[in-house]
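Participant: As a plain string of letters, each chain reads:
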Amino acid sequence: MAHPYFGVFFLVVFTAIAFIATTTLSAFVGKKLAARETEKLKLSIYECGPETSLQPNKISAQFYLYALLFILFDVEIIFMFPWAVDFKILGMFGFIEMVTFIFLLAVGFVYAWKKGALEWHSMK
Amino acid sequence: MITLNHYLIVAAVLFVIGMIGVMRRKNLLMLFFSTEILLNSVNIGFVALSHYLNDLSGQIFAFFIIAIAASEVAVGLGLLILLYKRKNTVDLDVIQNMHG
Amino acid sequence: MEPVKFDLVALNLNTIMPMLITLGGALFILIIDLFKKLDKQFYVTVSMATMLLAIYAIFQINSAGRGFFDVMLVDGVAVISQLIILGASVLFMPLALTGFRFREFKFAEYFAFFLFMIAGFQFMVSTDNLILIFLGLETGSLALYALIAMHNRQKSLESALKYFTMGAFAAGLFAFGSMIFYGITGSVEIGQMKTVIEGNNFSNMPLILLGTAFMIAALGFKLSIVPFHTWTPDVYEGASAPLAGYMSIVPKIAGFVVALRFFDFLAMADDGVVQTLLWIAAVATMTIGNILALVQDGVKRMLAYSSVSHAGFVMTAILMGTTQAHVGMFLYWTLFLFTNLGAFAMLWISRHPSKQFDIRYDHPFTKFSGMVKINPVAAVMMAIFMLSLAGIPPFAVYWGKLYLIGAAINSDHLYLALIMAINSAIAVYYYLKLVVFMFLKDPSQNDGTIYNMNGTFPLRLVLIVAAVFVIASIATIEPLSAFIQTHVVASGF
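So the sequence lines, in the order shown, correspond to chains V, F and P. Sequential numbering of the first sequence, starting at 11, is according to this note's numbering. Sequential numbering of the second sequence, starting at 15, is according to this note's numbering. Sequential numbering of the third sequence, starting at 7, is according to this note's numbering.
If you're looking for bench data, these hints aren't it; they were derived computationally from the structure. You may find that some hints are simply not true.
Only pairs whose alpha carbons sit at most 25 Å apart, straight line, appear in this in silico PhoX-like list of lysine-lysine [what the hints assert, rightly or not]:
(1) P/361 <-> F/101
(2) P/112 <-> P/200
(3) P/447 <-> F/99
(4) V/125 <-> P/373
(5) F/40 <-> F/101
(6) F/40 <-> P/161
(7) F/101 <-> P/112
(8) V/125 <-> F/40
(9) P/161 <-> F/99
(10) P/361 <-> P/46
(11) P/112 <-> P/43
(12) P/361 <-> P/373
(13) P/161 <-> P/46
On a predicted model such as this, the values are computed, not experimentally measured, just so you know.
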């Protein structure tokens with residue numbers, strides 16, 4: 011243990027082994043616990059009634075677009091925090107840089123808006 | 015007492031978890047999760063090292079990794095939606111057409 | 007604390023001007039698309055103008071050096087590689103003006119993404135800060151995934167997903183490798199890393215090796231170095247021919263420049279482990295790429311494996327580490343650019359937007375059988391590019407091969423030179439296979455127009471430019487290598 015980073019070195023190998031062991035174990039346990047072939051009959055619908063089918067995906071793709079846009083604009087905030095902390099020291103130049111940054115974000119926002127990504131029912 | 019090594023070990027463990035997740039590549043969503051774990055494990059390491067070395071550039075790197083991870087997911091999810099619309103699945107084995 | 011004083015002159019805005027121009031062009035295209043629907047001719051014109059302006063801006067950088075708080079590093083290597091990137095883009099862009107209508111060119115986003123991608127790779131080559139390299143790499147790659155997926159084929163989406171998977175993994179590896187080097191040296195700049203690591207005389211060798219392994223893997227995915235090359239043929243096959251050709255040139259030169267900056271000092275370590283690693287990677291890449299190319303049925307897959315092999319060939323320049331080798335690397339890549347441009351443009355010009363030649367491939371070898379009898383001009387063109395790729399004198403790539411093998415001999419890598427020569431000989435076989443198909447077999451159909459059915463004037467012009475350059479390379483090789491030499495020497499590689 012002479013070197014300060016020796017632990018990392020060792021643990022990369024160790025965790026790899028540990029992870030493979032756990033995944034194999036969980037696969038094994040999962041196989042044991044899962045519904046067996048013989049139970050299919052027991053679980054099937056009795057005598058009559060419609061076959062229960064999986065509901066087709068009814069969620070509008072619009073939700074994904076919202077999520078995507080949210081992630082993108084949300085994450086960009088982190089670049090404003092360091093600037094806000096050192097606002098006074100960075101002075102005018104920092105301010106101009108941040109305005110440029112926000113302007114670029116605004117271009118992206120206008121783009122998304124104009125393309126109809128923010129409208130609920132457009133679904134192009 | 016929690017030292018630098020502990021943070022680095024957490025980073026390494028998470029990285030290996032993410033790496034195995036990427037290598038299994040069954041489900042596309044799982045693959046995205048794995049890449050997020052990969053990149054965020056690096057963030058832990060960077061911030062810990064940055065604190066240890068008393069140098070800010072590591073934290074700046076972490077900021078940019080967060081931003082990149084977000085845009086990567088955005089592009090990836092776009093591809094995923096396209097795949098789902100065409101094939102009705104997110105399983106990577108189903109779409110395998112090319113080989114040789 | 008006192009407010010920090012910023013000086014606009016000290017920023018050295020010249021260094022960032024080429025990227026600002028490409029980014030501005032991309033934003034302009036995006037914004038104008040919101041208000042007015044325009045056709046692809048307009049977008050191609052705007053993109054071309056932007057790129058030419060950016061090239062002009064590169065020549066305006068007279069004071070080579072740092073800018074933007076020492077983040078930008080525009081040295082000779084950055085200038086040459088930016089010129090290669092922009093030059094390749096200028097040549098590949100007119101391929102969008104096809105005779106048939108393809109779906110992706112209807113969208114203004116295609117051209118905007120293209121320019122964003124160029125800007126990303128430009129940033130990647132003109133800095134030695136790992137943060138900016140990472141940002142540039144991802145900007146370029148993410149735009150490229152989207153570009154590939156826009157092509158209207160089932161295979162394109164598949165190949166975009168494959169490339170995305172690999173690229174995301176490579177990004178993780180790159181970040182982790184940077185973290186290890188940051189831990190060792192306390193800096194994210196390659197120049198300072200070099201100072202620190204050489205200062206304590208490679209004392210942390212195990213950790214340096216671990217970091218190097220991550221870096222080789224991360225860059226190896228981009229450069230398609232064996233064993234990280236597995237995505238290459240599938241992605242090239244699924245992407246449209248211009249993008250496949252583009253992928254074999256531009257992301258790779260960007261990757262090579264980063265590898266050059268990064269491994270140049272690591273390969274000079276006394277015990278030579280890194281050098282051996284690079285040696286094995288380069289030799290394996292060119293040999294395995296060649297062998298796999300031998301057994302392909304599709305021309306595009308064959309070209310994909312051949313580009314893997316060419317990447318391995320150029321990889322040797324980094325492990326040699328001499329000035330001659332580095333000059334050879336850029337020279338080779340410039341010559342390879344024109345040749346590969348021609349080869350992929352020939353495939354593109356024979357593409358139909360919806361019909362496929364046979365069930366499996368767009369461009370099987372059999373498609374080209376007897377081509378000389380039904381379309382002699384196209385056959386001769388294709389043959390020139392194939393002979394050049396094979397390294398047959400006096401065509402372009404031959405000079406590159408000669409230069410690199412000479413550099414290997416001069417730096418006492420005799421075995422390496424021998425392996426390179428043998429590999430060049432193997433490569434001749436599969437390129438000539440296509441030539442044999444074109445010139446000696448009987449035609450499979452009577453319709454000669456299928457070989458240029460997608461052709462328009464701009465496409466033919468690009469092909470003619472490529473062919474003229476390939477043939478006339480014997481005349482241009484001297485000034486070209488002198489130009490590269492001055493820039494490479496000026497930046498100390």
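Participant: Determine for every hint whether it applies to the structure shown.
Facilitator: Quick rundown of the hints versus the structure:
no.	hint	in the structure
1	P/361 <-> F/101	21 Å, holds
2	P/112 <-> P/200	48 Å, violated
3	P/447 <-> F/99	44 Å, violated
4	V/125 <-> P/373	42 Å, violated
5	F/40 <-> F/101	15 Å, holds
6	F/40 <-> P/161	19 Å, holds
7	F/101 <-> P/112	24 Å, holds
8	V/125 <-> F/40	33 Å, violated
9	P/161 <-> F/99	15 Å, holds
10	P/361 <-> P/46	23 Å, holds
11	P/112 <-> P/43	10 Å, holds
12	P/361 <-> P/373	13 Å, holds
13	P/161 <-> P/46	24 Å, holds
In this structure, the hints that do not hold are numbers 2, 3, 4 and 8, in rising order.
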